[in-house]
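Number of protein chains: 2
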Amino acid sequence: MRSHYCGDLRASHDGETVRLCGWVHRRRDHGGVIFLDVRDRTGLVQVVFDPDTEDAFALADKVRGEYVLQLEGRVRLRDEAVRNPRMATGDIEVLGKSVTILNEAQTPPFELDEYSAAGEEVRLKYRYLDLRRPEALKRFQFRSRLTHAVRAHLEGQGFMDVETPILTRATPEGARDYLVPSRTHAGSFFALPQSPQLFKQLLMVAGFDRYYQIAKCFRDEDLRADRQPEFTQIDLEASFVEEDDIMAITEAMVKSVFKDMLEVDLPEFPRMTYEEAMRRYGSDKPDLRVPLELIDVADLMDGVEFKVFAGPAKDPKGRVVAMNVPGGGDLSRKEIDEYTKFVGIYGAKGLAYIKVNDLAAGAEGLQSPILKFLTEEAIQGILARTGAANGDLIFFGADKARIVNEAIGALRVKVGHERGLAKGDWAPLWVVDFPMFEEEDGRYYALHHPFTMPKCDPEELKSNPEGALSRAYDMVLNGTELGGGSIRIHRPEMQRVVFEALGIGDQEAEEKFGFLLDGLKYGAPPHGGLAFGLDRMVMLMTGGDSIRDVIAFPKTQTAACLMTDAPSPVDNQQLREVGIQVRKDDK
Amino acid sequence: MRSHYCGDLRASHDGETVRLCGWVHRRRDHGGVIFLDVRDRTGLVQVVFDPDTEDAFALADKVRGEYVLQLEGRVRLRDEAVRNPRMATGDIEVLGKSVTILNEAQTPPFELDEYSAAGEEVRLKYRYLDLRRPEALKRFQFRSRLTHAVRAHLEGQGFMDVETPILTRATPEGARDYLVPSRTHAGSFFALPQSPQLFKQLLMVAGFDRYYQIAKCFRDEDLRADRQPEFTQIDLEASFVEEDDIMAITEAMVKSVFKDMLEVDLPEFPRMTYEEAMRRYGSDKPDLRVPLELIDVADLMDGVEFKVFAGPAKDPKGRVVAMNVPGGGDLSRKEIDEYTKFVGIYGAKGLAYIKVNDLAAGAEGLQSPILKFLTEEAIQGILARTGAANGDLIFFGADKARIVNEAIGALRVKVGHERGLAKGDWAPLWVVDFPMFEEEDGRYYALHHPFTMPKCDPEELKSNPEGALSRAYDMVLNGTELGGGSIRIHRPEMQRVVFEALGIGDQEAEEKFGFLLDGLKYGAPPHGGLAFGLDRMVMLMTGGDSIRDVIAFPKTQTAACLMTDAPSPVDNQQLREVGIQVRKDDK
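Chains as they are written, first to last, in the numbering used here: chain X, 162 to 748; chain H, 162 to 748.
I should point out that these hints are in silico values taken from the structure, not numbers from a laboratory.
Some clues are possibly wrong.
One copy or two, either will do: identical chains are not told apart, so a pair holds if it fits within one copy or between any two.
[To be verified] Below, computed lysine-lysine pairings styled on BS3-like, alpha-carbon distance capped at 30 Å:
id	residue 1	residue 2
1	Lys377	Lys299
2	Lys377	Lys286
3	Lys673	Lys377
4	Lys510	Lys478
5	Lys478	Lys502
6	Lys223	Lys616
7	Lys299	Lys682
8	Lys673	Lys286
9	Lys286	Lys682
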């Protein structure tokens with residue numbers, strides 16, 4: 162139906178007769194002539210109709226924005242004066258000879274050029290129009306090329322693409338499962354997989370050796386953050402490997418993809434222990450572009466009278482930190498108030514600070530509402546440790562360690578970027594040596610998942626679960642967890658000990674994970690792997706604001722699709738067939 | 162953990178020290194020496210332990226089948242006399258120096274070598290062991306390489322890989338939907354997609370121009386045939402195209418894939434109308450390897466007294482056919498009885514035949530229980546039309562056309578293959594010019610789906626829906642539908658007319674497909690596409706018996722996973738969260 166794509170036409174096509182298909186992007190009438198900017202996947206080209214070509218002109222006169230046309234015409238160079246260097250096809254235009262209107266279009270509910278003015282709701286309802294914006298299309302072209310590059314890299318490393326089931330067994334991995342009632346086994350349910358974790362481990366038991374999959378995963382969580390009920394992982398697993406193998410394979414993959422897609426040479430990824438990351442950055446996914454650090458000062462504070470500091474300083478679960486912001490002395494009262502509000506989101510009860518105006522002037526040179534509560538020794542210690550200079554500002558956090566880490570960790574990133582302190586475009590790293598378990602309300606929870614191999618043997622794990630480290634590793638980029646993985650447990654004894662620590666008894670383990678425990682009995686190889694969040698990776702690499710920007714048909718924060726109006730009520734007959742009914746009080 | 166894969170070792174490695182990892186495939190003790198065949202993804206290698214290497218020998222002595230080992234040893238040439246030409250590594254062996262037992266293994270519930278003796282049930286329960294069979298692994302390696310080849314081909318043609326949602330709206334496409342209760346919208350349900358049909362059409366409306374996806378699809382059907390509740394399609398769609406474009410693109414893809422994967426040069430695919438396929442082969446997916454054909458003889462039979470023939474011959478919905486089987490004269494009574502039973506499956510009430518012993522002898526030379534019922538004219542007509550020769554056998558079918566087509570169509574394939582009449586390995590073709598609708602119980606059903614473009618305009622369709630042909634095309638290979646597609650409706654008026662013909666009124670259309678109708682209003686381009694059944698394609702190409710052979714973790718005929726025991730009961734709390742309960746009578 163066409164000889165060329167619109168956006169491909171150049172001065173070299175001068176004189177050629179071309180047949181194009183596309184949408185009317187813009188239409189102008191000027192000096193008795195009609196100008197149409199015609200758009201297809203490749204871009205725009207200007208097509209001109211003058212009244213000499215009677216029929217074509219008459220038809221061109223009828224068309225409106227977003228009409229779908231087939232056009233024939235001759236490419237000609239534009240006059241020097243009207244060439245458009247901002248348009249790839251700006252050196253030429255097409256003199257239209259004939260037009261066919263392939264389809265008409267109603268006026269779109271929002272202007273494609275002024276999308277930002279339209280609310281997200283209307284853009285999601287008419288997603289197919291929203292996706293017509295060239296920048297949207299580009300993100301999906303990028304995504305397609307990225308997955309291609311990932312596949313090519315992994316297949317080059319001997320990884321096999323294997324599909325694992327979507328209709329699977331409910332295996333609680335932390336998040337809530339989506340359930341699917343079974344018709345043939347009434348009263349029973351499938352679950353959509355939170356990840357292909359157990360299947361890929363069993364593929365290792367099967368001897369597949371190197372597996373990968375670009376896999377859909379499902380979690381029925383509250384979508385407070387930038388999450389989607391279904392998301393996509395680059396999932397891989399290999400046998401007869403240790404941490405270094407998986408980290409080398411995946412680091413090489415990410416480097417190769419950054420080089421291919423963005424022409425960026427990433428540096429070798431530094432490795433940092435979880436302990437160090439939490440201590441210096443208050444986060445297990447630190448944004449290393451920001452040079453600010455959290456500095457422990459509890460030992461300086463435990464003697465002060467100020468309870469806000471002294472309390473957490475004496476609490477074994479407390480933490481007191483200082484964070485120096487170079488040049489932060491010019492922060493206004495209002496700005497500091499806003500940062501105080503910001504840390505409040507994370508539960509911090511306030512945000513103490515000291516402005517360092519003039520170190521030579523002693524206490525006179527410092528400006529702070531809390532100065533009077535601190536000992537001279539504490540003040541000197543803080544200045545020494547933070548290395549604060551004239552014109553700097555020191556923020557303080559004092560509370561339960563979790564709150565301090567979250568609040569000051571987040572503040573660090575916010576202040577760092579807002580104050581222009583961040584350096585470089587890309588700061589990747591590996592975080593390693595995670596604890597096996599987190600304790601909450603007297604119970605242990607797996608920090609990664611229950612199939613992660615500990616660094617110690619089963620006896621040590623039993624005697625000191627709290628101190629046990631895992632063989633897990635996270636790849637972090639610019640403060641975002643790009644992927645996480647671990648060496649897995651491959652012996653049934655070890656798996657049972659971990660289940661026990663998590664409060665999963667033998668019977669429950671057998672019921673829920675019997676097939677995994679069976680698999681481990683019949684000759685499971687040592688194995689490990691990693692899973693990347695593909696949506697997040699594409700978002701970071703394309704500079705999107707949300708993963709919704711890189712998902713063709715995303716759901717809203719309440720997990721609904723505004724375009725198709727899903728989920729929707731279903732008639733009773735359908736429910737009866739699968740043996741369920743809606744609860745009365747929800748009807 | 163290893164220096165080489167087992168199956169890669171060759172005479173050229175002679176003298177090298179290697180470190181291997183793998184499973185004990187077989188173990189023999191012979192002359193005081195232990196022989197282990199060690200297996201990994203690449204194959205087997207023989208490792209020998211003699212008592213001189215004390216520690217290694219002692220450990221090797223402990224190992225049993227399917228233990229997981231890491232071994233070090235030296236490659237050496239085998240003596241000429243004991244080289245094994247059937248083994249890729251048969252020229253060498255590894256003299257074991259050290260062994261580490263990475264994991265023990267219980268005795269598997271079935272012998273991996275004698276898998277055929279084990280029932281499918283036990284093999285599915287221990288699927289990870291079943292997949293250890295080298296022929297199983299090979300199928301999945303093939304599948305991975307095939308999808309790679311498909312992706313490379315399509316991306317080379319400008320197709321973008323775009324993911325469409327799995328949690329979507331229930332949109333009845335013929336089969337039953339799998340439902341997913343929504344927690345955030347209690348009483349509402351998502352459905353798993355039967356195909357990405359509407360999403361890919363809307364991607365065309367969005368101007369994506371060329372889309373593809375290797376997509377999971379879901380149908381909650383009764384799994385009588387070789388079907389799975391979830392299966393995989395190679396799904397594609399393009400804009401500004403006609404039938405010939407899509408057929409050329411996909412035919413080239415299949416040819417290129419056959420060449421890459423099997424070194425097979427497929428011929429140009431012939432095109433056959435639906436009408437011709439049904440008439441000559443009784444099937445819209447004829448196996449063209451079989452040269453037998455159905456020959457209409459109703460006009461010869463409408464005068465005979467035999468009601469079995471005369472009835473259908475006079476019925477406008479009846480059909481009477483003859484099918485000549487060259488050399489079929491040697492079929493025994495027992496064989497013919499079995500074929501009679503076979504056509505009974507399709508509803509045929511009998512299977513008449515004539516054996517042609519000696520044409521020169523007239524009626525004397527024919528042998529048949531029905532001869533006496535036929536007129537001389539009919540007999541002569543049948544012989545002339547079928548071109549039967551001495552030694553042939555002519556089968557007859559007479560009934561409603563649907564039954565004749567199904568019964569004699571299936572018999573044709575069965576007899577053709579059993580009698581060695583099939584020619585060639587691969588017989589592809591296109592079937593085109595399908596009717597738009599099938600009529601059943603006074604209602605019309607879409608033969609493809611309701612979004613298929615008719616060959617006629619809306620007015621013609623309204624006045625003669627039964628006679629309308631569609632712009633659909635199926636790719637058929639060896640009697641299997643490999644893929645099907647069509648040019649789609651891109652104008653809302655036409656879509657409404659088709660919905661009307663299907664008995665879907667404006668209100669219902671708006672409710673169920675409002676988003677598609679909206680999309681068509683805002684400038685939808687002409688577009689079309691095709692979807693291949695990937696599982697079936699891999700099965701055909703690898704010579705599998707069932708699509709279960711090419712799905713890593715398949716479901717049984719009752720849609721259950723014997724390995725994970727899915728589906729399974731779920732506790733009430735989980736059901737309450739998603740606002741449903743199991744119906745009392747199903748509990």
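| Taking 30 Å as the upper bound on the Cα-Cα distance, should Lys223 and Lys616 be classified as within, between, both, or neither? | Intra 73 Å, inter 27 Å, cutoff 30 Å: inter-copy only.
| Within a copy, between copies, both or neither: where do Lys673 and Lys377 come within 30 Å Cα-Cα? | Intra 22 Å, inter 26 Å, cutoff 30 Å: intra and inter.
| message | When Cα atoms must be at most 30 Å apart, do Lys673 and Lys286 count as within-copy, between-copy, both, or neither? | response | between (40 Å within a copy, 15 Å between copies)
| said: My question is about Lys377 and Lys286: at a cut-off of 30 Å on alpha-carbon distance, are they close within one copy, between copies, both, or neither? | reply: So Lys377 and Lys286 pass the 30 Å test inside a copy (23 Å) and across (24 Å) alike.
| message | My question is about Lys286 and Lys682: at a cut-off of 30 Å on alpha-carbon distance, are they close within one copy, between copies, both, or neither? | response | Answer is between; shortest inter-copy Cα gap is 14 Å, intra-copy 51 Å.
| Should Lys510 paired with Lys478 be assigned to within, between, both, or neither, using CA atoms and 30 Å as the limit? | Intra 17 Å, inter 84 Å, cutoff 30 Å: intra-copy only.
| field | Within, between, both or neither: Lys299, Lys682 at alpha-carbon 30 Å | value | Cα proximity of Lys299 and Lys682: across copies only (24 Å, versus 49 Å in one copy).
| query | For Lys478 vs Lys502, is the C-alpha pair at or below 30 Å within one copy, between two copies, both, or neither? | reply | within (24 Å within a copy, 80 Å between copies)
| field | Alpha-carbon proximity between Lys377 and Lys299, which holds within one copy, between copies, both or neither at 30 Å | value | both (22 Å within a copy, 25 Å between copies)
When the structure is compared with the earlier hints, no violation turns up for any of them.
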